Every structure is written in C-alpha cells, then in structure tokens.
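Numbering (our numbering) for the sequence shown: 53 to 248.
If you are wondering where the hints come from, they were derived from the structure by calculation, not from laboratory data. Quick caveat, the model's predicted, so the values are computed rather than measured. Treat the hints with care, as some may be off.
[To be verified] Below, simulated DSS-like cross-link-like pairs (lysine-lysine); rule was C-alpha separation at most 30 Å, straight line: (1) K237 - K115; (2) K236 - K183; (3) K236 - K217; (4) K115 - K217; (5) K183 - K217; (6) K217 - K135; (7) K123 - K237; (8) K123 - K135; (9) K237 - K183; (10) K115 - K135; (11) K236 - K135; (12) K115 - K236; (13) K183 - K135; (14) K237 - K217; (15) K183 - K123.
[As the list claims (entries may be wrong)] So the derived label-pair ranges between C-beta atoms look like this: (16) A194 - V225: 12 to 20 Å; (17) D93 - D116: 37 to 45 Å; (18) K236 - D116: 20 to 28 Å.
Cβ coordinates follow ideal geometry from the N, Cα and C atoms, glycine included.
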Amino acid sequence: MGFLDCLRLDGFSGHWCVCPIQNETVVVICMNVILRDISEDDSDWLHDLNEACLPAVNQLSQKDLWALVRKTAVTRVAELDGKPVGVAMTLPPRVPHTSMNYLWFDQRFDDYLYLDRIMVDDRARGAGIGKALYQDVFQFAATLPGIRAVTCEVNLRPFNAGSLKFHAALGFVTVGEQETEGGKKAVSLMRRPVGY
53 MGFLDCLRLD GFSGHWCVCP IQNETVVVIC MNVILRDISE DDSDWLHDLN
103 EACLPAVNQL SQKDLWALVR KTAVTRVAEL DGKPVGVAMT LPPRVPHTSM
153 NYLWFDQRFD DYLYLDRIMV DDRARGAGIG KALYQDVFQF AATLPGIRAV
203 TCEVNLRPFN AGSLKFHAAL GFVTVGEQET EGGKKAVSLM RRPVGY
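Between the sequences and the hints, there should be enough to build the whole structure, so can you do that?
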C-alpha cells in the first residue's frame with residue numbers, strides 16, 4: 053500500500069495515511085492534506101514562508117524565489133484544510149543554479165533529483181506535512197527516466213540532529229560533507245535511492 057492510499061474515517065476530519073519508511077509501515081494522521089503543483093497565485097505565500105524559515109533556507113527576493121520555481125522539475129504545495137502550509141522544490145541535474153550544495157551533486161552525479169528546499173509552516177508542524185511532501189517527491193522521482201536517487205543536504209554546523217535523524221529514517225545516507233559560507237556552515241550531503 054502506498055502513502056497516498058488513504059482511508060476516510062467516518063466522523064473524523066482527517067485521513068489515515070499509510071507511510072512506508074525503512075520497510076516499516078507508519079500510520080500518521082493527515083488532516084485534510086492535499087498535495088498540488090504550485091501556481092503563480094502562491095507567489096506571495098511562498099516568499100513569506102521562505103522568510104519564516106530563515107536561516108534553515110537561504111534568503112531570496114520574491115523575484116529570485118519565483119525564478120527558482122521556474123527551474124524546478126516540480127514544486128509541490130501541501131494544503132492543510134484548504135490553506136497552503138508546506139512546499140517541496142526539486143531541481144533536475146544540469147540546470148543553472150548557484151547553490152554550492154546543488155553544484156556539489158551536479159559535479160559528481162547525473163542521476164539525481166535535488167531537493168532544494170522543503171519548508172513547512174510552524175503552525176502545521178507535527179501534522180505529517182513534511183513526510184507527505186517527501187513521499188510525494190520520492191514517487192515523482194521514480195517516474196523520471198534516468199533518475200536513481202533523491203539528494204539533499206542537512207546542516208552539521210549549526211548541528212541539526214533532528215533533521216539528520218529524520219533523513220536517516222527516510223533512507224538518506226551521507227555521501228559527502230562540505231563547508232559553506234566561509235566555514236560558518238557545514239552540511240552533510242545526502243542521497244536516497246529511488247525505490248528505497
């Protein structure tokens with residue numbers, strides 16, 4: 053059974069979503085979560101969310117953020133009870149992008165889908181939004197010819213133990229490390245096989 057195989061429960065304003073992680077089945081409650089492609093109507097919301105997620109993501113003007121959306125393989129929005137609360141932005145190989153972390157993968161691999169950023173509104177944390185977006189990215193990656201892995205990075209400096217644990221549970225493994233911002237930051241460069 054896949055992640056999106058959800059059963060509507062009578063009298064309950066949500067769904068049981070079956071989410072396979074590391075060969076285990078985890079059941080989470082997703083309160084009326086809908087995943088959809090981004091639209092230009094989301095531009096203001098996306099910029100506000102990006103600003104709210106600093107410094108976990110880099111700061112971009114609204115114009116630059118929308119230019120990034122145009123480069124993506126897919127940008128998916130999670131809505132909770134009809135309101136956008138999360139987003140996943142992915143890049144294919146060989147697109148013009150200045151991120152040092154993207155370039156690290158691009159110089160070493162050609163079979164990946166890079167998760168540039170995944171952001172969830174603080175008010176929606178704990179509702180399964182992040183897991184839903186990741187599973188959606190994994191399913192999308194599996195449909196792309198030649199794509200064998202999803203890649204991303206997680207902060208080592210400042211240390212983000214929760215994110216490292218979360219990504220390990222999803223099947224990501226470290227394939228490299230690098231310092232960025234003149235040594236202010238360090239990241240674990242991670243890769244997860246499609247079909248893990």
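>> To test your reading of the hints: which numbers does this structure violate?
In response: 4, 11 and 17
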